[in-house]
Amino acid sequence: MAELITLARPYAKAAFEYARANQALTAWSESLAVVASVIQQPTVEELLDSPTITSEQKATSLLELCGDELNEKVKNFVAVMAGNKRLGLLKEVQQLFESFKSQQEKFADITISSAFKLDSTVEKALSEKLRQTLASEVSLSTNIDKALIGGVVVRAGDTVIDGSVKGRLAKLAETISL
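Position 85 of the sequence shown, counting from 1, maps to 85 under UniProt numbering, and the rest follow consecutively.
A few of these clues could be false.
What the hints assert, rightly or not - Here are the simulated distance ranges between beta carbons:
id	residue 1	residue 2	range
1	Ala147	Gly88	27 to 35 Å
2	Leu65	Thr175	44 to 52 Å
3	Ile161	Glu3	17 to 25 Å
4	Asp109	Asn76	23 to 31 Å
5	Ser139	Asp68	48 to 56 Å
6	Leu169	Glu30	16 to 24 Å
7	Lys75	Thr133	22 to 30 Å
8	Asp119	Arg168	21 to 29 Å
9	Lys13	Phe107	16 to 24 Å
If you're looking for bench data, these hints aren't it; they were derived computationally from the structure. We put the CB at the ideal spot given by N, CA and C, even for glycine.
Could you put together the complete structure from these sequences and hints?
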């Protein structure tokens, strides 16, 4: 996963910088969301994975499926990615673009995984602390992961804070094996 993000980052950064310079962040965000949802369809995934279809044909087919939802600049962006054989990265590009957009707008989507359901006071305290730490408004979503044993894992974009018992045991095992 990290490798795909690494490959997608320059494309996402270029799209974000262009959209920001042209005051088109929302339009690009919506267009990239459309493309990302289209490429996740099983038949489209098969099309993109096909070795017998050229990159140009893949881009043309993808753009036809997206219809009028994309403007010319986004279509050109998709064509460039196709030319570089990177259409498979469009989902990651869209995720990174949204992350850059959130940073620009001082907003962070945060996911907290814990071994047990967090009560509302703990969620509120975490939300307030993260808001102060990140200097951004935050949107908090939580999920339960029994494999964590205890503690929490906080994910905010590329940042991961592992305060779980499972993570601490893994660090301890790594330290002992050195």
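Structure-based check of each hint:
1. Ala147 with Gly88: 27 to 35 Å: For Ala147 and Gly88 the Cβ distance comes to about 29 Å; the hint holds.
2. Leu65 with Thr175: 44 to 52 Å: holds (50 Å)
3. Ile161 with Glu3: 17 to 25 Å: Given a distance of about 22 Å, which is inside 17 to 25 Å, the answer is holds.
4. Asp109 with Asn76: 23 to 31 Å: holds (28 Å)
5. Ser139 with Asp68: 48 to 56 Å: Check failed, 30 Å falls outside 48 to 56 Å.
6. Leu169 with Glu30: 16 to 24 Å: violated (43 Å)
7. Lys75 with Thr133: 22 to 30 Å: The hint (22 to 30 Å, Cβ to Cβ) is violated, given that Lys75 and Thr133 are roughly 39 Å apart.
8. Asp119 with Arg168: 21 to 29 Å: holds (22 Å)
9. Lys13 with Phe107: 16 to 24 Å: holds (18 Å)
Consistency note: the structure conflicts with the earlier hints numbered 5, 6, 7.
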